[in-house]
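Asks: The residues making up each chain are set out below.
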Amino acid sequence: MNDTLANTEKKTAYILTLPAVLLVFSIILFPIFANVWISFKEVELKDIRIPEPRAKKIVKSISDEPSKIKILYKLRNSSLIQEIRDVSFQDNFPKTFEIENLDPRCSYKKQNLKCEFGNWPAKYRENFQVIFVTNDGSKIDKKNLKSIKPKLKGKSDNILLNTNFTLKNFKKVLFENEFVDLLLTTFYYTFFGTVGSIVFGILTAQMVNQKFYGRTFMRSVLLFPYVAPVVALAYTWELLLDPNSGTLNSLLLNYQIIETPINLLGQKYIEISILGFEFKLRLALTTVIMFEIWRYFPLAFLFILARLQAIPKELYEAADVDGASPFQKFFNITLPQITAVISILFMIRFIWNFNKFEDVFLLTGGASGTRTLPINVYQQGFAISDIGMGSAVSIVIVVLLLMFMFFYFKLLGKRVDEN
Amino acid sequence: MRTKNTILFSLISTFFLIFLISIWKILATLQGLSINSFNIEIIFIFGFLISLAHLGIGDRVKSIYKSIIFSSIFVFCDGYLIQKLPIWYNVGVFLILYFFTNKISKYTFLGLKEEHSTQVILFDFLTLFGILFFSFVILFPFYMMLVTSFKTQIALLVNPLDFSINFGQDIKDLFKSYFVIFKSYKFGKYIVISTIVSVGTVIITLLFAIPAAYAVARLNFFGKTFLSTSILIIYMFPAIVLVIPLYTIFSQLGLRNSIEGLLIVYTATTLPVAIYMLQGYFKSIPKELEEAAILDKLSWFGIISKIIIPLSIPAISSVALYVFMIAWNEFLFSLMFLDNPNSFTLSRAIQYLSGDAETPRQYLMAGSVVVTLPVLFIFVYFEKYLVSGLTAGSVKG
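In order, the protein sequence lines correspond to chains A and B.
Mapping of the first sequence onto this note's numbering: position 3 corresponds to residue 3, and the numbering continues sequentially without gaps.
Mapping of the second sequence onto this note's numbering: position 287 corresponds to residue 287, and the numbering continues sequentially without gaps.
Next up, chain A with everything else stripped away, as it sits in the complex (with noise of 0.2 Å):
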């Protein structure tokens, strides 16, 4: 009776998850071994169309014999690159036409008009032409016969589904692109985007958890950048940070803090002189970064006064009674107590810093030296639109973040264990 019971609920399980499940591999999971895949072949967009024979049907009156008509094909392979193989062909017509001329590839048999093409190379093209006669004499009615569509099948080889493969697409990745030079702007726009998030998550949680007024509306504003649409954010910062006319750079020519516009997402490079010593900036890659702080630091800050707000306040007044001071309390209760989140939120905030796309191609485009990984996958993908290439540079992003991972679990691990 009992193993009846579990068979069932394991039974409704299974059908419950399993539209879930499926939706979710197919779209998620085989996605990422089709890469591993297409990341091996020399694909490039063009190729990813499956070629298509085409015929475009035009009917064409013969002069002074009004009982026949010339229909001509224009047939076509769609494709530039690719053979089609055994393109048969079908039309058909009304009960009273005859065909007067038929090709040694066709048959016609009850009003149905069927040819055998064989082999067409790519590019290949050909007017086919037939002529009809209709047996009563009665008037043609064009417009009928050019509504009825041929009907072409051809077969044609995938070339996702080939066998061919290839290394050339990591050789290329990893030796010829600059690759170093890729991973270090990755890096940057990662780290300094995750550590800046989060400093200031904790000083704007612990701004929050204290008691004001206007308290409440503080906490949506500080989320705002986090939830609006990242598209409309993006162009208002590039409007906001413009050389010519832009609010910033007008404001500080206008106080005289500079004395010619700065190009922020525009220049590479700045040189800063601290001190007697000078150094390069990267400028639009600093100002990238900045942004990526401004949308992001609200999940940190509300993760962390989740957190605060959780702190037994027995701690801090036993500190008050010790005479503690604000900098102690904050230092000696409040970080440790917040280390936890921290070090979840550097992990979420890294992994999702580093596969972010949108902010940096909607500020940048990923000129100026604000090339990271994933504005690459889309220049190679769809801008030089080699899709091997593409897909070679998401597997470098896929092994780089599993190494990610596989070294914080690491690391998190041994300070469990020590603590």
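Because the hints were derived from the structure by calculation, they are not lab data.
For clarity, every value in this text was computed on a predicted model and none was experimentally measured.
Check before you lean on any hint, since a few could be wrong.
Unchecked claim - Heads up, simulated BS3-like pairs for lysine-lysine below, C-alpha to C-alpha not over 27 Å straight-line: (1) A:Lys11 / B:Lys306; (2) B:Lys384 / A:Lys10; (3) A:Lys70 / A:Lys139; (4) A:Lys211 / A:Lys56; (5) A:Lys11 / B:Lys297; (6) A:Lys41 / A:Lys123; (7) B:Lys224 / A:Lys11; (8) A:Lys211 / B:Lys183.
As the list claims (entries may be wrong) - Simulated coverage check for chain A against chain B, where a stretch passes if three residues somewhere in it have a Cβ under 8 Å from a Cβ of chain B: (9) 17-24; (10) 222-232.
Every residue gets a Cβ at the ideal spot worked out from N, C-alpha and C, and that includes glycine.
On the provided structure of chain A, position chain B as indicated by the hints.
Replies: Coordinates of chain B only, in the frame set by chain A:
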């Protein structure tokens, strides 16, 4: 010790005052006033003197009178003698000074003698500073977005610092950018598409997620732990690595440029977090209710629809709002999958609009306002639901 604390207190409070007045000056500049300098030195001297005087006078004068006197002196010297500016600017300065002197009124000589008093003061002022600073930094871009959408091309070029809006003009002129984007750029259609895609994603996601979450929360089956951990791992997985395979597959299946294609992808990417959030809530529903239902021979469909769903309306609505927001804001897949202007979502349409360098910026900002307003409205209105859900599941971003 006392002198050191006094000087530190005066310094900290003075810096805070400089910050307050600078922000006010920036805002005034943006209303068209020509202010070319922050006059930091003068404000510094005044602020310092006011702080010292406040400590010196102490309780001898009622704090309200003290505040009014200090504020008036400051406004008179700064506004009337140094910079001749309109009344409304000086009223603002007066209010800031009043606020400032009120803030410092709780500190006295006696208090400064206490242990850690400078640290307490620093902490207090840092908090105040932080609140104002972050409000300014966050709200300013939104303010700019809104204002720019009401300006004209010429006004923007002539004086980029003039943020004032002329409300006296004809409504048609004021909302011109909005009329243009709806008429010439078909934004009405894009709103409809975005709404269909977002609402559709919510419905399908809930249809798939509720049964799955129920199974994970309540039933015992082989592979349950594997499933619940893989949900989280999949949630961490980057969308950018899915783009190329999905693009190729969707191209070959003819799903690009279609709402169906977007619906499939959005549902799949939001399902993991939806299941995760829902199963957490379902676990908190007492089991006894279902046991009674099983005795009544209710099927699993009956249990879910008659017991689980009515009891978890808050959680379901918060998941629904989330999924809506994710789908509404989504950009990457809509960029990859849509290249026909007839099937654009709002985000994609704005990006397409910006691709043309000739597009006036106020149209771009009007479009941005149109895409941002619904989300912010939902967020502010349903904040309670959303914040608790955010910490439980966190929107991917």
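Asks: All hints are to be evaluated individually against the structure, with a verdict given for each.
Replies: Structure-based check of all given hints:
1. A:Lys11 / B:Lys306: 21 Å, holds
2. B:Lys384 / A:Lys10: 37 Å, violated
3. A:Lys70 / A:Lys139: Holds, because 14 Å separates the two Cα atoms, which is no more than 27 Å.
4. A:Lys211 / A:Lys56: 75 Å, violated
5. A:Lys11 / B:Lys297: Since the Cα atoms of Lys11 (chain A) and Lys297 (chain B) sit roughly 17 Å apart, the hinted pair holds (cutoff 27 Å).
6. A:Lys41 / A:Lys123: Roughly 23 Å between the alpha carbons, so the hint for Lys41 (chain A) and Lys123 (chain A) holds.
7. B:Lys224 / A:Lys11: Holds: Lys224 (chain B) and Lys11 (chain A) sit about 13 Å apart, inside 27 Å.
8. A:Lys211 / B:Lys183: 48 Å, violated
9. 17-24: The restraint on the stretch 17-24 of chain A holds, since 6 of its residues have a Cβ under 8 Å from chain B and three suffice.
10. 222-232: This one holds; 11 residues, not fewer than the three required, reach chain B with a Cβ under 8 Å.
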